[in-house]
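Colleague: Start from chain Z and add chain X according to the hints.
Number of protein chains: 2
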Amino acid sequence: MPHPNDPKLRSFIPVDPSSDFPIQNLPYGVFSARGRTPRVGVAIGDYVLDLCELEQDGRFAFAEIGVFSQASLNPFMALGPKMWSKTRARISELLRYDHPELRDDEGLRKLVLVPIGEVKLHMPFAVSGYTDFYSSKEHATNVGVMFRGKDNALQPNWLHMPIGYNGRASTVVVSGTRVKRPRGQLKPPSAEAPHFGPCKRLDFELEMGVVVGQASKMGEMLSEQQAEEMIFGFVILNDWSARDIQQWEYVPLGPFQAKAFATSISPWVVTREALEPFRLHGPAQQPEPLAYLRQAQPNNYAMELDVSLRASQMNAAQTICRTNFKYMYWSSVQQLVHHASSGCAMNVGDLLGSGTISGPEKHQRGSLLEISWNGSEPVTLDGGVTRTFLEDGDSLVMRGWCQGDGYRVGFGEVEGTIVKAE
Amino acid sequence: MPHPNDPKLRSFIPVDPSSDFPIQNLPYGVFSARGRTPRVGVAIGDYVLDLCELEQDGRFAFAEIGVFSQASLNPFMALGPKMWSKTRARISELLRYDHPELRDDEGLRKLVLVPIGEVKLHMPFAVSGYTDFYSSKEHATNVGVMFRGKDNALQPNWLHMPIGYNGRASTVVVSGTRVKRPRGQLKPPSAEAPHFGPCKRLDFELEMGVVVGQASKMGEMLSEQQAEEMIFGFVILNDWSARDIQQWEYVPLGPFQAKAFATSISPWVVTREALEPFRLHGPAQQPEPLAYLRQAQPNNYAMELDVSLRASQMNAAQTICRTNFKYMYWSSVQQLVHHASSGCAMNVGDLLGSGTISGPEKHQRGSLLEISWNGSEPVTLDGGVTRTFLEDGDSLVMRGWCQGDGYRVGFGEVEGTIVKAE
Numbered sequence: 003m004p005h006p007n008d009p010k011l012r013s014f015i016p017v018d019p020s021s022d023f024p025i026q027n028l029p030y031g032v033f034s035a036r037g038r039t040p041r042v043g044v045a046i047g048d049y050v051l052d053l054c055e056l057e058q059d060g061r062f063a064f065a066e067i068g069v070f071s072q073a074s075l076n077p078f079m080a081l082g083p084k085m086w087s088k089t090r091a092r093i094s095e096l097l098r099y100d101h102p103e104l105r106d107d108e109g110l111r112k113l114v115l116v117p118i119g120e121v122k123l124h125m126p127f128a129v130s131g132y133t134d135f136y137s138s139k140e141h142a143t144n145v146g147v148m149f150r151g152k153d154n155a156l157q158p159n160w161l162h163m164p165i166g167y168n169g170r171a172s173t174v175v176v177s178g179t180r181v182k183r184p185r186g187q188l189k190p191p192s193a194e195a196p197h198f199g200p201c202k203r204l205d206f207e208l209e210m211g212v213v214v215g216q217a218s219k220m221g222e223m224l225s226e227q228q229a230e231e232m233i234f235g236f237v238i239l240n241d242w243s244a245r246d247i248q249q250w251e252y253v254p255l256g257p258f259q260a261k262a263f264a265t266s267i268s269p270w271v272v273t274r275e276a277l278e279p280f281r282l283h284g285p286a287q288q289p290e291p292l293a294y295l296r297q298a299q300p301n302n303y304a305m306e307l308d309v310s311l312r313a314s315q316m317n318a319a320q321t322i323c324r325t326n327f328k329y330m331y332w333s334s335v336q337q338l339v340h341h342a343s344s345g346c347a348m349n350v351g352d353l354l355g356s357g358t359i360s361g362p363e364k365h366q367r368g369s370l371l372e373i374s375w376n377g378s379e380p381v382t383l384d385g386g387v388t389r390t391f392l393e394d395g396d397s398l399v400m401r402g403w404c405q406g407d408g409y410r411v412g413f414g415e416v417e418g419t420i421v422k423a424e
Numbered sequence: 003m004p005h006p007n008d009p010k011l012r013s014f015i016p017v018d019p020s021s022d023f024p025i026q027n028l029p030y031g032v033f034s035a036r037g038r039t040p041r042v043g044v045a046i047g048d049y050v051l052d053l054c055e056l057e058q059d060g061r062f063a064f065a066e067i068g069v070f071s072q073a074s075l076n077p078f079m080a081l082g083p084k085m086w087s088k089t090r091a092r093i094s095e096l097l098r099y100d101h102p103e104l105r106d107d108e109g110l111r112k113l114v115l116v117p118i119g120e121v122k123l124h125m126p127f128a129v130s131g132y133t134d135f136y137s138s139k140e141h142a143t144n145v146g147v148m149f150r151g152k153d154n155a156l157q158p159n160w161l162h163m164p165i166g167y168n169g170r171a172s173t174v175v176v177s178g179t180r181v182k183r184p185r186g187q188l189k190p191p192s193a194e195a196p197h198f199g200p201c202k203r204l205d206f207e208l209e210m211g212v213v214v215g216q217a218s219k220m221g222e223m224l225s226e227q228q229a230e231e232m233i234f235g236f237v238i239l240n241d242w243s244a245r246d247i248q249q250w251e252y253v254p255l256g257p258f259q260a261k262a263f264a265t266s267i268s269p270w271v272v273t274r275e276a277l278e279p280f281r282l283h284g285p286a287q288q289p290e291p292l293a294y295l296r297q298a299q300p301n302n303y304a305m306e307l308d309v310s311l312r313a314s315q316m317n318a319a320q321t322i323c324r325t326n327f328k329y330m331y332w333s334s335v336q337q338l339v340h341h342a343s344s345g346c347a348m349n350v351g352d353l354l355g356s357g358t359i360s361g362p363e364k365h366q367r368g369s370l371l372e373i374s375w376n377g378s379e380p381v382t383l384d385g386g387v388t389r390t391f392l393e394d395g396d397s398l399v400m401r402g403w404c405q406g407d408g409y410r411v412g413f414g415e416v417e418g419t420i421v422k423a424e
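Chains as they are written, first to last, in the numbering used here: chain Z, 3 to 424; chain X, 3 to 424.
So here's chain Z without its partners, still in its complex pose (with noise of 0.2 Å):
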């Protein structure tokens, strides 16, 4: 049988090279349609392929489980990632050109086969904790820049270990949930005192997420191959950020209200055995990380992310960053590394956040923050528009994808718009 991330393979199901779904890919998400209970399913093309009627009918070995007919992956991602290989594998099977099973049932194709404008995707799954890292150097080092100056940008720590935090779990939202602006404590360099209200200075952060499918033992550290084979896949992640709420707030405990408000994932998790074909060593880390963070693969991925942005007066979106995940310092395997590295349990939902991801150019920058240099430099859009930081109405879309040969594999989009506050 050919391996499903073949470039070779087709499906019965037409896909266009510019699709992010092709049979290569097969990514997993919790969606409903035609009155049915939100279930799992796999995005195809222009379709999306129910899971929950496949397993009802017989067609997975492990039918009797029932993992499909969940609101959520987690059941599914707790079988662990031989079941997470063999499961993909049967499903390129399914929708492969030269397999007749489900191409030539046309009563089985209705019933699985559900167009993808026809369906409402949900969370993927539930988030058991949210860390969010911070581990792109570009990003921290315009931070830094921004902030404190050229000489001192890297804190002295950043380059020993992925600098990460707790962020809120509650609040992690699919693609497509509208934004409340938050309100929050605001205290301008100039006021003597703080005041409570809307957040003036609202930002978004392009960052991946990684979606933790296995747990681990409280006490019990990780090797680098041991935190891979706990990795179920990727979504995109929107940390949405108030950093007028952030400068006040975070001094010394951390981001807390600032970031608590939403976060935005797309709703399709891409398998890491689907981003396999796009492996590649990470920038050289300088100086050598301590043992437990050496790497013996190649843990980064080739994958290009693009940010657009639409204020409500205009008609169509503006790309306002374009970059690439390859950028990453610390890689999503030496974050979860260091996240068990004292004892600290994993959980199946994990989710752990990139850290904003920009690159080297200045096109490549992952924030309104750096975009915008602190307010200094506004971004000017079609029609006149300016922006420092996000204002109401304006609708932030996100989209990524690894290219290979003639097909991509991609995350599809999170969108997510600004509504004011009350």
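In short, the hints are calculated from the structure, not lab data.
Among the hints, erroneous ones may be present.
As the list makes no split between identical chains, a pair holds if one copy fits it or if it spans any two.
[Unchecked claim] Computed list of lysine-lysine pairs in PhoX-like fashion (alpha-carbon distance at most 25 Å, straight line):
#1 Lys202 x Lys364
#2 Lys189 x Lys422
#3 Lys219 x Lys112
#4 Lys182 x Lys152
Modeller: Frame of chain Z, contents of chain X only:
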């Protein structure tokens, strides 16, 4: 019917005046005994009342729901504050001296009253999110003086809001769970680069934990009253801390692995209602808090707290801290209001640590960092044992109680013993 808090109430079960669990308390926990599955119970004197058996026997009006057969308080908490009150009143009635229903039914008594020495206590609820505050002015001042000197002890934001950060929910464990000394990156001031190894400055933090029993919606703020009504109860909490890991990692995003390896809580959740007689005003807040944080009610509690330490070579534990919850500058209600102020959704099962509870006197310091003044003033214990920070084999016990007239509403204890890093 007398109110369950009536100090004159007595149970037909004999309860010593020094017991933590008189009929005025009725704290909830999850226990197993006699080979039965874990279920919800209430502590009364030297017994645990099995609510699962009572529920199955039809002794509660909502018996059909089956909330007490779960291994977690979350389903019961989700029923809301009116049902919490009703249930407590019903349990009080069942245990009253002058109510024959259980008192005179020997068969039922044997079924539902389990000697407390025969039970195994479990985590009382599933922790949805764990947030740790920093709300004792004395503690924040002590730490500030140590690290920044007297003139800059309190950070500028501290008097304006309850400073807090998201902690790690996956490693909140119940009293009695052994705590493995964490490993992590350590960089003594004299070293050029960090190394990885066992923490050398392992500490405890004496805290109370608020157990949130009701959810709030994303995008919505809370009033003082709404926040108050969402609080189900309180536990004692030990926020184990690796000071040396923290020192190196915490800039600029706050504590991460330094606090992620373990947080211990007491097994009995004392309800907010049981603490009602012990309410009092906290310290005067100057400057006056912003409007959203102002309090119309006294939201602090007079609650005695002590910490004792027993090194493996000692015959008995020795008290190293005696303090009171009443000193807290920011109340639990203010913490919860602030937590939701950006629109952050709160969930059933959220746990909010108060922050280390220190008092104005030297013997009221709630951490070894303060007791040993950052290691410079070792504490001498019985038999010539000295400590700056915790050593392998040390057992730490925290206890807490509200003293009534002839009875006390107590929390039991939270114990943890340090085991060596592998």
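Colleague: Decide, hint by hint, whether the structure agrees.
Modeller: So, going through the hints one by one against the coordinates:
In this homomeric assembly, lysine 202 and lysine 364 come within 25 Å of each other (Cα to Cα) only inside a single copy, at 24 Å, whereas the closest approach across copies is 44 Å. For the homomeric pair lysine 189 and lysine 422, the shortest alpha-carbon distance inside one copy (20 Å) is at most 25 Å, but the shortest distance between copies (46 Å) is not. Proximity of lysine 219 to lysine 112 under the C-alpha cut-off of 25 Å is found in neither arrangement, the shortest distances being 44 Å within a copy and 38 Å between copies. Proximity of lysine 182 to lysine 152 under the C-alpha cut-off of 25 Å is found in neither arrangement, the shortest distances being 35 Å within a copy and 41 Å between copies.
The structure shown violates the earlier hints numbered 3, 4.
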